[in-house]
Amino acid sequence: MEMQDKKLQVSAIKNGTVIDHIPASSLFKVINILGLGKIKTQMTFGSNFESKKLGLKAIIKLADVFFVDDDINKIALVAPEAKLNIIKDYKVVEKKVVEVPDNIKGIAKCGNPKCITNHESIVPKFTVVNKKKVAIKCHYCEKITDSEHMEIF
Amino acid sequence: MENKHLISITDYSKEEIFKILDLAAEFEKNPNQNLLNNKVIATLFFEPSTRTRLSFESAISRLGGKFIGFTEAGSSSVSKGESVKDTIMTVANYSDMIIMRHPIEGSARWASEVSGVPVVNAGDGANQHPTQTLLDLYSIRKTQGTLDNLNVYFVGDLKYGRTVHSLLQAMSMFNTTFNFISPEELKIPDEYKLFLDKKGLKYYEHRDFSDIISHADIIYMTRIQRERFSDPMEYEKTKNSYVLKNNMLENTKPNMKVLHPLPRVNEIHTSVDENEKAYYFTQALNGVYTRQAIITHILGLKK
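Chains H and C, in that order, are what the protein sequence lines are.
Position one of the first sequence corresponds to residue 1 (this note's numbering), numbered consecutively onward.
Position one of the second sequence corresponds to residue 1 (this note's numbering), numbered consecutively onward.
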């Protein structure tokens with residue numbers, strides 16, 4: 001038997017989006033933020049690949065899925081270095097980097113246990129106060145949550 | 001743009017702050033004005049705060065208004081598990097303005113988003129207490145004649161003291177030089193130092209509180225609370241190191257005034273009370289004028 005047969009074939013996608021350079025530890029957060037659980041098309045997730053930049057990285061391939069900028073930028077909170085390849089007819093037609101948005105709504109939980117958003121049913125809102133080392137300031141309690149303490153819904 | 005509510009001191013521009021302070025000066029000259037005739041103000045104190053509540057109720061009374069409310073959560077439907085949202089939406093039907101104190105941070109902002117009437121934050125946990133900040137600013141401007149280019153010394157609990165944080169944010173608009181005197185465990189959080197760095201303002205940190213106050217225009221004292229210390233031994237060691245005594249005021253500037261948000265425990269020795277540089281009781285009186293100004297400004301009763 002040839003070795004080839006035992007290899008898992010991850011085929012290139014014809015049309016869709018490839019998200020690369022996701023920190024391996026953030027893969028499942030990215031899946032949640034993008035709501036990939038509800039998408040019915042073919043998806044491939046790979047994780048714990050070696051990366052010079054990130055240590056261990058993850059990659060997501062999504063067939064027939066394209067994002068608008070506002071949606072994709074949400075993942076910048078947990079994967080600020082993520083790169084998108086937009087595939088059409090097996091070719092990369094566009095490359096995009098994610099950009100940390102100025103304001104975020106929903107997505108993250110305020111890290112302050114004494115914040116009203118952790119006590120009543122309120123959609124948390126934040127302004128991003130640091131885009132490089134992501135830190136967000138709660139619209140309600142005005143406390144800053146950094147990326148280490150950030151909990152994603 | 002003028003604000004319908006007062007939730008955080010950072011919502012106010014310099015101009016709006018000056019407007020409040022000018023109005024407060026007017027009320028100091030003429031405190032009894034029937035501007036709140038037929039108006040009902042709700043004072044909702046989800047946690048007790050005698051001083052702030054009485055100051056607001058005095059302000060409302062001097063303006064000829066009526067107030068309704070509760071003085072602690074135990075005597076309201078909150079004890080039955082009602083949410084802030086439901087309490088506020090209900091009370092907004094009964095009143096023309098809601099003044100609230102609540103232990104949960106951000107509760108006042110949330111209240112302002114669900115209330116049909118203006119909301120004034122009278123303290124939300126460790127977050128904001130903007131009416132205190134405005135009365136502090138009024139007291140500083142009144143005693144110094146200006147808010148610009150002053151040397152302000154904060155003493156005591158600079159880590160948890162929300163009055164310190166809010167006043168620091170407000171004074172940062174006036175080219176203030178800051179001095180922070182506190183024990184290591186209660187030092188000013190990095191986030192505020194970063195804030196001052198960004199604004200290009202000068203600040204100095206000190207652990208020792210003795211002869212460094214000779215350049216001060218304002219000394220802002222705060223209470224050091226036992227429960228803030230992880231190590232009770234540390235509290236015992238430090239509690240007497242940040243006490244202001246009368247003889248320490250000898251070499252201070254003639255214009256210098258001592259402020260304190262009150263209540264005081266032992267951090268200002270009672271011998272200071274007689275000194276003309278002690279200003280904290282007058283500061284509390286200024287609280288009534290400032291709150292009259294805030295209420296009438298927000299309700300649009302004073303142009």
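Don't read these hints as lab results, they were simulated from the structure.
Be careful, since some hints might not be right.
Below, in silico cross-link-like pairs of lysine-lysine (BS3-like), each with a Cα-Cα straight-line distance of 25 Å or less [to be verified]:
#	chain 1	residue 1	chain 2	residue 2
1	C	Lys142	C	Lys302
2	H	Lys132	C	Lys142
3	C	Lys302	H	Lys143
4	H	Lys133	C	Lys4
5	C	Lys4	H	Lys131
Residues from chain C that keep clear of chain H, each with C-beta distances beyond 12 Å, as calculated [as the list claims (entries may be wrong)]:
#	residue
6	Thr10
7	Pro31
8	Leu54
9	Ser61
10	Ser83
11	Asp86
12	Asp124
13	Tyr204
14	His215
15	Phe229
16	Asn255
17	Val265
18	Leu301
Built from N, CA and C at the ideal position, the CB exists for glycine as well.
Legend entry - Reported absence of Asp86 (chain C) from the contact zone with chain H (all CB gaps over 12 Å): Non-interface label fails for Asp86 (chain C): nearest chain H Cβ at 10 Å, not farther than 12 Å.
Inset, instruction - Mind checking the alpha carbons of Lys4 (chain C) and Lys131 (chain H) for me, to see if they're no more than 25 Å apart? - result: With Cα atoms ~31 Å apart, Lys4 (chain C) and Lys131 (chain H) exceed 25 Å; violated.
Inset, instruction - For the pair supplied as a hint, Lys142 (chain C) and Lys302 (chain C), confirm whether the alpha-carbon distance does not exceed 25 Å. - result: 21 Å, holds
Inset, instruction - Classify the label on Ser61 (chain C) as holds or violated, using whether its beta-carbon is more than 12 Å from each beta-carbon of chain H. - result: 30 Å, holds
Inset, instruction - Confirm or reject the statement that Thr10 (chain C) sits farther than 12 Å, beta carbon to beta carbon, from all of chain H. - result: Given that some Cβ of chain H is not farther than 12 Å from that of Thr10 (chain C), nearest at about 8 Å, it is violated.
Legend entry - Distance rule for Leu54 (chain C), whose beta carbon must clear each one in chain H by more than 12 Å: 26 Å, holds
Legend entry - Check on His215 (chain C) being off the interface with chain H, judged by Cβ distance over 12 Å: Non-interface label on His215 (chain C) holds, nearest chain H Cβ at 31 Å vs cutoff 12 Å.
Inset, instruction - Check the non-interface label on Tyr204 (chain C): least C-beta distance to chain H beyond 12 Å or not. - result: 24 Å, holds
Inset, instruction - Examine each Cβ of chain H, and state whether all of them lie more than 12 Å from the Cβ of Val265 (chain C). - result: Holds: least Cβ distance 24 Å, greater than 12 Å.
Legend entry - Asp124 (chain C) remote from chain H - nearest C-beta pair above 12 Å: 8 Å, violated
Inset, instruction - Evaluate the condition: distance from the CB of Phe229 (chain C) to the nearest CB of chain H exceeds 12 Å. - result: For Phe229 (chain C), whose nearest Cβ neighbour in chain H is about 19 Å away, the distance exceeds 12 Å, so it holds.
Inset, instruction - Decide if the proposed pair is consistent with the structure: Lys132 (chain H) and Lys142 (chain C), CA atoms, cutoff 25 Å inclusive. - result: Not satisfied, since the Cα-Cα distance of roughly 43 Å exceeds 25 Å.
Checked against the numbered hints above, the structure breaks hints 2, 3, 4, 5, 6, 10, 11 and 12 and satisfies the rest.
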